[in-house]
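As they're listed, the protein sequences go chains S and C. Following numbering that gives the first Met the number 0 from start to finish, the first sequence increments by one per residue and tops out at 438. Following numbering that gives the first Met the number 0 from start to finish, the second sequence increments by one per residue and tops out at 419.
The hints are simulated quantities; they were obtained by calculation from the structure and are not laboratory data. Glycine included, every Cβ here is placed at the ideal spot set by N, Cα and C. There's no promise every hint is true.
Here's a subset of chain S near chain C, in silico, CB distances under 10 Å, partners left out [to be verified]:
1) Ser144
2) Thr281
3) Phe380
4) Thr391
5) Ser423
6) Met427
Computed beta-carbon distance windows for the label pairs [claimed, not checked]:
7) C/Gly54 with S/Gly421: 48 to 56 Å
8) C/Gln317 with S/Leu433: 27 to 35 Å
9) C/Pro155 with S/Trp31: 39 to 47 Å
10) S/Gly190 with C/Arg65: 54 to 62 Å
11) C/Glu164 with S/Trp85: 31 to 39 Å
12) S/Arg98 with C/Val30: 53 to 61 Å
13) C/Phe275 with S/Trp405: 24 to 32 Å
14) S/Leu251 with C/Leu37: 39 to 47 Å
Here is what each chain is made of, one letter per residue.
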Amino acid sequence: MSEIHAQTVRFVRETMLPPAVPPRSEAGAVRWLRENLFSGPVNIALTILGLALLYVVLQAVVPWLMHSVWNAKSLGECREIVAQTWGPDASGACWAMIRERWPQYLFGFYPQELYWRPTLAFLLMFVALAPVLFSGLPRGLLWFSAVYPMLAFWLLWGGAVWWWVVVALGFVLAYAAFRLAVQRSSTIIAGAAALAVLVGWSLFAIDPLAALIQRVLPASIAPVSSDRFGGFLLSITIGITAIAGSLPLGILLALGRRSDMPLVKMLSVAFIEFIRGVPLITVLFVASLLLQYFLPPRTQFDIILRVIIMATIFAAAYIAEVIRGGLAALPRGQYEAADSLGMDYWQAQRLIIMPQALKISIPGIVSSFIGLFKDTTLVAFVGLNDPLKGITQVVRADMNWKGIYWEPYVFVGAIFFLICFGMSRYSMYLERRLKRDNR
Amino acid sequence: MTIASEQPQGSFRLSMLVYDTRFRSWTIQIVVLILVALACSWLIHNLVTNLAAKGKDIDFGFLWTRAGYDINQRLVAYTNDSTHARALLIGLLNTLLVASLGCLLATVIGVMVGILRLSSNWLIARLMTVYVEVFRNIPVLLWILLAFVILTEVTPPPNAFKVVEGKEPLAQMWLDGSVAVTNRGTNIPEPLFSRSLGNIDLGIFLVSVDLLAIIAVMVGSFLVNRRVIRSAATTQEATGIRPATWWKSALIWAVPVPVLLYVLGFHLAYPAFKGFNFTGGIQVLHSFTALLIALSIYTGAFIAEAVRAGVQAISPGQTEAAYALGLPAGRTMRLVVLPQALRVIIPPLISQYLNLTKNTSLAIAVSYMDLRGTLGGITLNQTGRELECMLLLMGIYLVISLIISSVMNIYNNAVRLKER
Numbered sequence: 000m001s002e003i004h005a006q007t008v009r010f011v012r013e014t015m016l017p018p019a020v021p022p023r024s025e026a027g028a029v030r031w032l033r034e035n036l037f038s039g040p041v042n043i044a045l046t047i048l049g050l051a052l053l054y055v056v057l058q059a060v061v062p063w064l065m066h067s068v069w070n071a072k073s074l075g076e077c078r079e080i081v082a083q084t085w086g087p088d089a090s091g092a093c094w095a096m097i098r099e100r101w102p103q104y105l106f107g108f109y110p111q112e113l114y115w116r117p118t119l120a121f122l123l124m125f126v127a128l129a130p131v132l133f134s135g136l137p138r139g140l141l142w143f144s145a146v147y148p149m150l151a152f153w154l155l156w157g158g159a160v161w162w163w164v165v166v167a168l169g170f171v172l173a174y175a176a177f178r179l180a181v182q183r184s185s186t187i188i189a190g191a192a193a194l195a196v197l198v199g200w201s202l203f204a205i206d207p208l209a210a211l212i213q214r215v216l217p218a219s220i221a222p223v224s225s226d227r228f229g230g231f232l233l234s235i236t237i238g239i240t241a242i243a244g245s246l247p248l249g250i251l252l253a254l255g256r257r258s259d260m261p262l263v264k265m266l267s268v269a270f271i272e273f274i275r276g277v278p279l280i281t282v283l284f285v286a287s288l289l290l291q292y293f294l295p296p297r298t299q300f301d302i303i304l305r306v307i308i309m310a311t312i313f314a315a316a317y318i319a320e321v322i323r324g325g326l327a328a329l330p331r332g333q334y335e336a337a338d339s340l341g342m343d344y345w346q347a348q349r350l351i352i353m354p355q356a357l358k359i360s361i362p363g364i365v366s367s368f369i370g371l372f373k374d375t376t377l378v379a380f381v382g383l384n385d386p387l388k389g390i391t392q393v394v395r396a397d398m399n400w401k402g403i404y405w406e407p408y409v410f411v412g413a414i415f416f417l418i419c420f421g422m423s424r425y426s427m428y429l430e431r432r433l434k435r436d437n438r
Numbered sequence: 000m001t002i003a004s005e006q007p008q009g010s011f012r013l014s015m016l017v018y019d020t021r022f023r024s025w026t027i028q029i030v031v032l033i034l035v036a037l038a039c040s041w042l043i044h045n046l047v048t049n050l051a052a053k054g055k056d057i058d059f060g061f062l063w064t065r066a067g068y069d070i071n072q073r074l075v076a077y078t079n080d081s082t083h084a085r086a087l088l089i090g091l092l093n094t095l096l097v098a099s100l101g102c103l104l105a106t107v108i109g110v111m112v113g114i115l116r117l118s119s120n121w122l123i124a125r126l127m128t129v130y131v132e133v134f135r136n137i138p139v140l141l142w143i144l145l146a147f148v149i150l151t152e153v154t155p156p157p158n159a160f161k162v163v164e165g166k167e168p169l170a171q172m173w174l175d176g177s178v179a180v181t182n183r184g185t186n187i188p189e190p191l192f193s194r195s196l197g198n199i200d201l202g203i204f205l206v207s208v209d210l211l212a213i214i215a216v217m218v219g220s221f222l223v224n225r226r227v228i229r230s231a232a233t234t235q236e237a238t239g240i241r242p243a244t245w246w247k248s249a250l251i252w253a254v255p256v257p258v259l260l261y262v263l264g265f266h267l268a269y270p271a272f273k274g275f276n277f278t279g280g281i282q283v284l285h286s287f288t289a290l291l292i293a294l295s296i297y298t299g300a301f302i303a304e305a306v307r308a309g310v311q312a313i314s315p316g317q318t319e320a321a322y323a324l325g326l327p328a329g330r331t332m333r334l335v336v337l338p339q340a341l342r343v344i345i346p347p348l349i350s351q352y353l354n355l356t357k358n359t360s361l362a363i364a365v366s367y368m369d370l371r372g373t374l375g376g377i378t379l380n381q382t383g384r385e386l387e388c389m390l391l392l393m394g395i396y397l398v399i400s401l402i403i404s405s406v407m408n409i410y411n412n413a414v415r416l417k418e419r
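Chain C with its partners taken away, still in its complex shape:
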């Protein structure tokens, strides 16, 4: 008996295109291709007709014309004489600033809350559950608006800080006179260098050499410290005795950076009330603060859930085994539980970072000048180039998202379970 595995021989019939599995997938794909091509050509035809009717064209040349508007928060030099492309850069930097600080803050909050939610302390566990549920189930827009309204309407006006002879000022500065929260913004001290090394012009913006030097020294300290710890581990493997490294680490971290800061003449310029407003220091806009606080608290609730799920996914046997080997609780967490939990935590963490970055576009609610505020807001309205601006805006967000997810995927692959 032969098994009927031979393909039926015979002439090709048209119905085989649909019923024969050898051809069906090609039929479907060709039909899909034709439909997609038709839809695309229809859309492009409409686009061309509509643009022609309005007398417009697709041209990105507007990016190199004068922007003519001011931006209230700029990380690099910008005036209203700069180009629209420059405004785009300012917006992009503002977006990235709030996104990166937000991710950092949200991670801190999320990890803390996630672990506390598993605490054996009944009260703390319940409080953290309430925090997570309340923040997860209410739109983030509400937290942004509420934070902004509270910051601008509850805080005192700058002149409440005015010191009049023999009278107590109406409002006090915090942290020993270094931080003042007014209804115009938060004034914080500004780090300055009296023996500054100057700036390097990168063509697009200036980079402070002082900052580069500090970063270089910190990276150096980190590398030296890692070497010290590695050599300690080698000694331990060879002799069984681990040499004490804590004082070396402390020395490595506590000496070079402060010495560099001293050499550069590091000091803080405190904000002070003069005339009608604060001078000196940095004024942080409330739109930035509100956005940062709201996004990190909101996303923190989601990260807390991811952390909790990750820690709970590790079977209690792992902890018990570590205790049986005599590891103390701290090292059990650091060496046994966390490395395993991280694998579970990282994928949802990536998607939360992505969500936070995309949610920075809600800056529109508090008029923070992010990418959408400059490129997708004022530039769009001034030049009337909706199509180009929206294409650029979506493209940039897409690139940011893809970069974050690919970087985090590389990290995820590095800590992934290495299976045999």
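In isolation and in its complexed conformation, chain S is listed as follows:
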């Protein structure tokens, strides 16, 4: 070894080589293209296929969008304008229809002079939702969120303000009863007391009390009947109310399904499986055809309210299953830890189990909400004017717009897409914010 070593020239590099510029094929756009689009025969074929598909779609859609007509009185006029401006074979979108009919798409047949009411309710909705959705905002705003449902229903349907004030008073009384009872006895008794107050209040006090105050101090705005509702006003009213109602109901059902009490468990399972086993349409038909059989004779029951109740129940069954999954994913130690701290069932649920279970089930809950919002279009089949089928049918029945189909569907679809996509992005944000890396 040593002889060989002695004969070799000693060389130790003492300075770093200057970094060389990568070969041109290994840098920049060329490299990106090669790695992402042309890395092998299969990939090249896929890329060509994708480009061809893109070309087919774009060469149809882009000119159609470019040749949009915004000012016309009918579809025929639209087509004339397109033919005159871009030649006889050109196709163009006729957004003039949307321009003429957008109030109907937004409000249905709501009285025109009262458009400010749903608009105001819609804007206030963001104020009410903001403190619920984003925890950075001042907590005092939550009071407004609590009052908002009554305020919004009053703005939408009109009538005497006192009715809604008395309803709100009922909730306040129920809450007071709950607080009073919970100090003296168990949570269950307190809950039953609050429920009893609520039921008694709504059966015996609301109508006479509201009428009395109205007589002493009249304060009302023009009432609007349910058949004037339509378009996105209807979708959003049903969607938001059912979303807000189905979450608590779903939590209760999920807890019932995991309960130790056989009767409660059996009832919850039967309810959930029944609702999940039938299509929403049949449930809506029950609301419109059969509900009258199960209520006392001559009960008048608003169709939108019926639909909202049915949609809430329907969504609650799905949400219950999602939350059950979240509950099942929690380690048993969490329940035992809560027990060892001496918490009772509801304390443990509220402080330990639910915050974690709900966090796990966020994606499922939000996709149930998205499904529910998309399903609000089905109310068209019980005679309500939803934006997708109801209003579009009205528009397409008009002689001026007969034969138009891409524009209304693209318009309605785009709005649904924006809302649903927004919801799914929010759920991703929430997941990121709540993420704790200890699991």
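We have chain S already, so just place chain C on it with the hints.
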């Protein structure tokens, strides 16, 4: 020091019903039972009062009376002289037809898109993401209505296919003159047998013996093929050398069925334009096509997400381990990744199949005569039996859903991770 584990002894007090955990759950259950019983009796009382006020009763006898309406798509014999029960059957078969074809098509689309969405090809992955997001976030009703409107309003009328001497017809048939899409429906060739074996009458409907024979031969081919592959595996385990089986499989699949078809005199009847409309072949209704296309593309987007999540749930170590053992990419996918991914994919897949089946009730939007269209539509309106029809309708949908979920659960248990 004794641990205070003994139950407190003493006389029973009423408050123990609420505060003592031994009795509390019974108290709650009894209260719930009473409340449920009260609610049920209230509802039933209302029902009886209302029915009496309208002079109605609950009677399913209407099912055996004459229906008196026509159904434009029927898989088994039906005339307007048939009973309402027969109409129910036609509707049920139509629902099942669109649901099963839809599930099949949605699975094909979903698996393809789900895998392509994970592709290293940037363009394809983005295109598939756009497809999934667009279809998931827009109501399925829109796709059904749009597909139906396009099929009925853009396609040419049948007489555009008329061949006049010396003039090119306005519309061309596709696939070498075998498929014609008109604004009335899609005309496709009809498979016929010139030496048919006839039908068996099952009492409810006729079953073609030809079809049964073809199915029997296919099942036989499948069983023989499986045997060949098993014996190859046995040989491989014994000797280490796997005998070539591909030509045996090819022979098993490529010979018996075509021979049977030839024996039966299989041929296609092509639709042809005669007079004012197409004759020959089968006319597929646009309501069916629109429903099928919309439901499978919509549900396909959801299945794609399930497939993507399933494949992503398998750790890359599994693929690397398979490569380290020398398995080629195809077999790695088939033998290592897919069996594991399937466990993750199947539960959401079941719920998507259920959703698709329930969404077939949106046939109402395009007047496809499914179960809701016959039983819950015309029968309900003609007989005025809302209660009975809705009960039957919900019951049947419930049974279909329960069957699908139990069948898929059995499969799910079969492929489940067998833990020690």
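Quick rundown of the hints versus the structure:
Interface restraint check for S/Ser144: the shortest CB-CB distance to chain C comes to about 26 Å, outside 10 Å, so the restraint is violated. Annotation: interface hint on S/Thr281 holds; nearest CB of chain C at approximately 5 Å, less than 10 Å. Using the Cβ-Cβ criterion of 10 Å, the hint placing S/Phe380 at the interface with chain C is satisfied: the shortest such distance is roughly 6 Å. Interface restraint check: S/Thr391 against chain C, minimum CB-CB distance 8 Å, threshold 10 Å, status holds.
The closest approach between the C-beta of S/Ser423 and any C-beta of chain C is roughly 7 Å, which is under the 10 Å cut-off, so the hint is satisfied. Annotation: interface hint on S/Met427 violated; nearest CB of chain C at approximately 12 Å, more than 10 Å. In this structure the hint that C/Gly54 and S/Gly421 lie 48 to 56 Å apart at CB holds, the actual value being about 52 Å. For C/Gln317 and S/Leu433, the Cβ-Cβ distance of about 30 Å falls inside the hinted range of 27 to 35 Å, so the restraint holds.
Taking the beta carbon of each, C/Pro155 and S/Trp31 are about 46 Å apart, inside 39 to 47 Å as hinted. Our hint of 54 to 62 Å for S/Gly190 and C/Arg65 holds, since their Cβ atoms are close to 55 Å apart. A C-beta distance of roughly 37 Å is found between C/Glu164 and S/Trp85, which places it inside the suggested range of 31 to 39 Å. Checking the proposed 53 to 61 Å range against S/Arg98 and C/Val30 shows it holds: the Cβ atoms sit about 59 Å from each other.
Look at C/Phe275 against S/Trp405: about 30 Å separates their beta carbons, and that is inside 24 to 32 Å. For S/Leu251 paired with C/Leu37, a C-beta distance near 19 Å fails the hint of 39 to 47 Å.
In summary, the structure is inconsistent with hints 1, 6, 14 from the numbered list given earlier, while agreeing with the others.
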